[in-house]
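Trainee: Once you've looked at the hints, dock chain B against the given chain A.
Those sequence lines, one after another, are chains A and B. Going from the first sequence to my numbering is simple: count from 1 and add 15. Going from the second sequence to my numbering is simple: count from 1 and add 931.
By construction, these hints were calculated from the structure, which means they are not laboratory data. Remember, it's a predicted structure, so these values are computed and weren't measured experimentally. Careful: at least some of the hints might be erroneous.
To be verified - These stretches of chain B come out as covered by chain A in the derived footprint (C-beta under 8 Å, 3 or more residues):
hint, segment
1, 973–982
2, 1008–1014
Said to hold, decoys possible - Negatives, chain B to chain A, calculated, CB over 10 Å:
hint, residue
3, Pro939
4, Ser989
5, Gly990
6, Ser993
7, Phe996
8, Glu999
9, Ser1004
10, Val1005
11, Ser1040
Note that CB positions come from ideal geometry on N, CA and C, so glycine has one too.
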Amino acid sequence: QKEVEQNSGPLSVPEGAIASLNCTYSDRVSQSFFWYRQYSGKSPELIMSIYSNGDKEDGRFTAQLNKASQYVSLLIRDSQPSDSATYLCAVNAGGTSYGKLTFGQGTILTVHP
Amino acid sequence: GAGVSQSPSNKVTEKGKDVELRCDPISGHTALYWYRQSLGQGLEFLIYFQGNSAPDKSGLPSDRFSAERTGGSVSTLTIQRTQQEDSAVYLCASSAAGSQHFGDGTRLSIL
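So here's chain A without its partners, still in its complex pose (with noise of 0.2 Å):
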């Protein structure tokens, strides 16, 4: 099992729309969780953190966390074609600030017009 996973995709969305962005992860003393978007030949850009149950709003975007669920997901709202890129799911697996990041092997948006 890997340790970080994310679902397949790639996933396509009209413009608009919500996109719903999942991922799970195995090490149940993970304490932090990120989100990158990463256009095609360029590097990840962070995006939205979260290290608390429940949910965290910034703009048009939207983390929940649910660590019993060992579940985090990213949503977007209104969709842009601009949202297209590649989002990364990304845990720190020591549980404290500094750690390494374990990141999923990506998740491919296209939002269409």
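Mentor: Same frame as chain A, now just chain B:
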């Protein structure tokens, strides 16, 4: 500069040669990380520095790989006797408190 700076942006070298990749983190960031991203393997952790020491180097794939950091700032990743499987994008990230910010990476191609 405002972000993490990596050089060179692209490196093409022959199998068996040594290469050095450089990372200049965001000013004031004490933590520095090296990752590797290749097709089919995703983004893999290589090594983590806190200041000049490396408390976690568990991701280095072989003893051909080494890294150092001096002055709590610039880091160099060295790959000796390169092999074709070393071809990848090598990414550096730095952080001050939790969130890691990535540089643009070095695309390494081994002929």
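Trainee: Hint by hint, note whether the structure agrees.
Mentor: Against the structure, the hints come out as follows:
Only residues whose C-beta sits within less than 8 Å of a C-beta in chain A count toward coverage, and the segment 973–982 of chain B has 6 of them, enough to reach three; the restraint holds. Under a criterion of three residues with beta carbons nearer than 8 Å to beta carbons of chain A, the stated coverage of the segment 1008–1014 of chain B fails, only 0 such residues being counted. Once the 10 Å rule is applied to beta carbons, B:Pro939 is consistent with being away from chain A; the minimum gap is 15 Å. Not every CB of chain A is more than 10 Å from the CB of B:Ser989 (nearest about 8 Å), against its label as outside the interface.
Interface exclusion of B:Gly990 from chain A breaks down, the closest Cβ pair being 7 Å apart, not more than 10 Å. A cut-off of 10 Å between C-beta atoms confirms that B:Ser993 is not in contact with chain A; the least separation is 18 Å. The non-interface label for B:Phe996 is consistent with chain A: the shortest C-beta to C-beta separation is roughly 15 Å, beyond 10 Å. Remark: the non-interface label on B:Glu999 is consistent with the geometry, its nearest Cβ contact in chain A lying 18 Å away (cut-off 10 Å).
Every C-beta of chain A lies more than 10 Å from that of B:Ser1004, the closest at about 17 Å, which supports listing it as non-interface. No beta-carbon of chain A comes within 10 Å of the beta-carbon of B:Val1005; the shortest separation is about 18 Å. Every CB of chain A is more than 10 Å from the CB of B:Ser1040 (nearest about 14 Å), matching its label as outside the interface.
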